[in-house]
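Student: Sequence:
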Amino acid sequence: KQSNSKMVAKLSPLADLFINDAFAAAHRCQPSLVGFAEKLPAIAGRVMQRELDFLGKAIDSGPQPRIAILGGSKAADSVAISEYFLKKGVDYVLTGGVVANIFLIAAGINIGKSSNEFIKKNIPNYEDVIDKAKYLLKNYNDRIIYPNDVVLNNEGNRLGVPIESLPTEYPIHDIGLDTLVNYIEYIDKAGTVIANGPMGVFEDAEFAIGTREVFQSISNNPNMTVVGGGETAMAFNQMGLTSKIEHVSTGGGACIAFMADETMPALEAMRRSKNKYSKE
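FYI, in this note's numbering the residues of the sequence shown are 32 to 311.
Worth flagging that the hints you see were computed from the coordinates, not collected in a lab. Any given hint could turn out to be false.
Said to hold, decoys possible - Within a straight-line C-alpha distance of at most 20 Å, the following computed SDA-like cross-link-like pairs (lysine to any residue) qualify:
id, residue 1, residue 2
1, Lys118, Ser92
2, Lys144, Asn185
3, Lys152, Pro198
4, Lys37, Arg59
5, Lys144, Asn184
6, Lys220, Asp209
7, Lys275, Glu244
8, Lys144, Asp209
9, Lys163, Leu117
10, Lys41, Pro72
11, Lys88, Lys220
12, Lys88, Asn254
Said to hold, decoys possible - Have a look at the derived ranges for each label pair, beta carbon to beta carbon:
id, residue 1, residue 2, range
13, Asn141, Met38, 32 to 42 Å
14, Lys275, Lys152, 52 to 62 Å
15, Ile50, Lys165, 40 to 50 Å
16, Tyr166, Asn141, 18 to 28 Å
17, Lys41, Asn254, 43 to 53 Å
18, Gly271, Lys41, 41 to 51 Å
19, Lys118, Ala46, 34 to 44 Å
20, Leu208, Ile140, 38 to 48 Å
21, Asn268, Pro198, 29 to 39 Å
22, Thr294, Ala138, 27 to 37 Å
C-beta: ideal position from N, C-alpha, C; glycine also.
Taking the hints into account, I'd like the entire structure generated from these sequences.
Tutor: Encoded structure:
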């Protein structure tokens, strides 16, 4: 269908080769991304190649131990990413933000009305996401790490409590100090670190400590470090840490889709092109 667009029909006779260097859009299905690959031999550009090489190596064969740090509010994506990573042999998945809250619920911990309401309001099909998290805990319990203490927003002030003290009336806005120390130990020992998402409400300076210290620790790791996701890359840049990371992905949604092993139309189009034109 995309190959029949007017743009593809008009431009493809003028070219001998189609080079796709738009990794950030590789999860989209548009004529400029997939249409030309039906009419011309298609190959990846240097940016696309670098993205696929780094992300693929970090997940499949990066130096061990390999850990993933998944946080933020896009819990459905991160739970799917967790499953794919664990199946591929990533040693540990460390969680923060709403992702951690999902796993706390899956572990049978009442996180409180306020944090529960946020999940119900902002996570589509949240019950299915929690069920998937329960499945992962059942099958990979010792490899999924969630907080043993959290920081609550007590009228704008930090209030650290162990998870045994939950539920409370206050929402969870950051990981706690014990959890932070534990996560830094994992990061310091890691041969490969893949990071996507903050540890809490890092936009509020009062609750940015967990995110800032975890990200700083990642930047201090001398081994393979990969940062993915638009907001995460932006946070590293704002903290002045980007230059210390081996690879910062140019893709937001595309990076997440790749890490969750979702079908990516632009990559599929290049595979079909290879199969078609390598035989000619």
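Student: Work down the list of hints and note, for each, if the structure agrees.
Tutor: Status of the hints after comparison with the structure:
no., hint, result
1, Lys118 / Ser92, "holds (13 Å)"
2, Lys144 / Asn185, "holds (14 Å)"
3, Lys152 / Pro198, "holds (19 Å)"
4, Lys37 / Arg59, "holds (19 Å)"
5, Lys144 / Asn184, "holds (13 Å)"
6, Lys220 / Asp209, "holds (17 Å)"
7, Lys275 / Glu244, "holds (14 Å)"
8, Lys144 / Asp209, "violated (24 Å)"
9, Lys163 / Leu117, "holds (13 Å)"
10, Lys41 / Pro72, "holds (16 Å)"
11, Lys88 / Lys220, "holds (19 Å)"
12, Lys88 / Asn254, "holds (13 Å)"
13, Asn141 / Met38: 32 to 42 Å, "violated (54 Å)"
14, Lys275 / Lys152: 52 to 62 Å, "violated (36 Å)"
15, Ile50 / Lys165: 40 to 50 Å, "holds (44 Å)"
16, Tyr166 / Asn141: 18 to 28 Å, "holds (20 Å)"
17, Lys41 / Asn254: 43 to 53 Å, "holds (48 Å)"
18, Gly271 / Lys41: 41 to 51 Å, "holds (46 Å)"
19, Lys118 / Ala46: 34 to 44 Å, "holds (39 Å)"
20, Leu208 / Ile140: 38 to 48 Å, "violated (18 Å)"
21, Asn268 / Pro198: 29 to 39 Å, "holds (36 Å)"
22, Thr294 / Ala138: 27 to 37 Å, "holds (31 Å)"
In terms of the numbered hints stated before, the structure departs from hints 8, 13, 14 and 20, listed from lowest to highest.
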